[in-house]
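Protein chains in written order, with UniProt numbering: chain A, 1 to 315; chain B, 1 to 90.
Watch out, some of these pointers could steer you wrong.
Unchecked claim - What follows is a list of derived Cβ distance ranges for each label pair:
| hint | chain 1 | residue 1 | chain 2 | residue 2 | range |
| --- | --- | --- | --- | --- | --- |
| 1 | A | K270 | B | S26 | 19 to 27 Å |
| 2 | B | Q72 | A | G145 | 27 to 35 Å |
| 3 | B | Q72 | A | K270 | 19 to 27 Å |
| 4 | B | D77 | A | P193 | 31 to 39 Å |
It is worth saying that the hints were derived from the structure and are not from the lab.
Quick reminder that beta carbons are idealized off the backbone N, C-alpha and C, glycines included.
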Amino acid sequence: MRYDSLLDSVGRTPLVGLPRLSPSPDVRLWAKLEDRNPTGSVKDRPALAMVERAEADGTLKPGMTILEPTSGNTGIALAMAAKLKGYRIVCVMPENTSPERAQLLRMWGAEISFSPAAGGSNEAVRVAKLMAAEHPDWVMLYQYGNPGNALSHYETTGPELLEDLPEITHFVAGLGTTGTLMGVGRFLRERVPGVEIVAAEPRYGELVYGLRNLDEGFVPELYDASVLTTRFSVGPRDALRRTRELLTSEGIFAGISTGAILHAAMGVAKRCLKEGRRADIALIVCDGGWKYLSTGAYDMDLDEAEDALEGQLWA
Amino acid sequence: MAIEVRIPTILRQYTDGAKAVEGSGSTLAELISDLETRHPGLKDRLVEGDALRRFVNVYLNDEDVRFLGGLQTTVDDGDAVTVLPAVAGG
Numbered sequence: 001m002r003y004d005s006l007l008d009s010v011g012r013t014p015l016v017g018l019p020r021l022s023p024s025p026d027v028r029l030w031a032k033l034e035d036r037n038p039t040g041s042v043k044d045r046p047a048l049a050m051v052e053r054a055e056a057d058g059t060l061k062p063g064m065t066i067l068e069p070t071s072g073n074t075g076i077a078l079a080m081a082a083k084l085k086g087y088r089i090v091c092v093m094p095e096n097t098s099p100e101r102a103q104l105l106r107m108w109g110a111e112i113s114f115s116p117a118a119g120g121s122n123e124a125v126r127v128a129k130l131m132a133a134e135h136p137d138w139v140m141l142y143q144y145g146n147p148g149n150a151l152s153h154y155e156t157t158g159p160e161l162l163e164d165l166p167e168i169t170h171f172v173a174g175l176g177t178t179g180t181l182m183g184v185g186r187f188l189r190e191r192v193p194g195v196e197i198v199a200a201e202p203r204y205g206e207l208v209y210g211l212r213n214l215d216e217g218f219v220p221e222l223y224d225a226s227v228l229t230t231r232f233s234v235g236p237r238d239a240l241r242r243t244r245e246l247l248t249s250e251g252i253f254a255g256i257s258t259g260a261i262l263h264a265a266m267g268v269a270k271r272c273l274k275e276g277r278r279a280d281i282a283l284i285v286c287d288g289g290w291k292y293l294s295t296g297a298y299d300m301d302l303d304e305a306e307d308a309l310e311g312q313l314w315a
Numbered sequence: 001m002a003i004e005v006r007i008p009t010i011l012r013q014y015t016d017g018a019k020a021v022e023g024s025g026s027t028l029a030e031l032i033s034d035l036e037t038r039h040p041g042l043k044d045r046l047v048e049g050d051a052l053r054r055f056v057n058v059y060l061n062d063e064d065v066r067f068l069g070g071l072q073t074t075v076d077d078g079d080a081v082t083v084l085p086a087v088a089g090g
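Model the full structure from these sequences, guided by the hints.
Printed below as a string of structure tokens:
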């Protein structure tokens, strides 16, 4: 397939069957390989969409600075777009993220401001909001509340899925900014009667939930619970186990958040099988495993690998 | 048998530092009321009016109770309930 530039090649990712993990010919799993995007993650879609919307409405002009709180993939995607389009970019990233993420961000030219580990992405959001107030000339695209995030999935990921899998009955994705689930979920609900939209939310170690009080909690502005059918919390052990299972049984080398999504999808598949319902379950492979090699996720003993993720933002 | 309830760090002041406590009841609301008898103050941090507080997530066997039946969700002996504050992901 030919494109005018790298930015034009975002999206149109393959949907591949998972014949070995699917429990029966009537209950099938399908993986959308979002690691096949230019910077290797699903975030290329919302990043490019948010930049182009900001350009279109005049908020972002040549030479300006983009600011974004990110645990990695969105920042990496924005840095690539910023480099090609000539913007400076500053990312606020929690310090408890894998070293590969910082390396990649710098590689694409981003400046990184680290936020404290305790509080995870909550802290990154808080710090980024303070920096935005100090630098009114910077443009914070703010993935948690930018409608362009969900819209990119409504306009691209959703239609691609329906075109490749018209018989889709379930869609399973990770819940972070909620953009993927809101966008794809709305698109499918408008067109597929009875479709179920299932969220897999990573459950981190205690450090990440280190708020001073409950009122500091955070629900992304994009989140609309009515789009979801249900929502599962997946801990690091199940996520790691499924990440490895995806690799050994289907040959797909994915990041750890994909393991969490697969875990939820397998739960859905098991339920459908038990109830004798036909199901075609599509799930998102958010990124490849490359950025997580240093965590030991793929080669350590499972107990050690789980311990190594304690306190880390692994999804 | 009883229902195990995992408590996040931020609410352990109500459970004498315990990471998990046990309780009983046939619904989540009853379970929380039962916990309140031994851990006073906990209920008010979890519930506001007749719903869970905005920044509190409760999972029954890893599924978000807001999609099951909220406070009226049926619970059984042997179930695992996890309470977590809502935080940013992504």
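Okay, the hints, checked on the actual structure:
1. A:K270 to B:S26: 19 to 27 Å: At roughly 26 Å between Cβ atoms, B:S26 and A:K270 fall inside 19 to 27 Å, so the hint holds.
2. B:Q72 to A:G145: 27 to 35 Å: holds (31 Å)
3. B:Q72 to A:K270: 19 to 27 Å: holds (26 Å)
4. B:D77 to A:P193: 31 to 39 Å: For B:D77 and A:P193 the Cβ distance comes to about 38 Å; the hint holds.
In terms of the numbered hints stated before, the structure departs from none.
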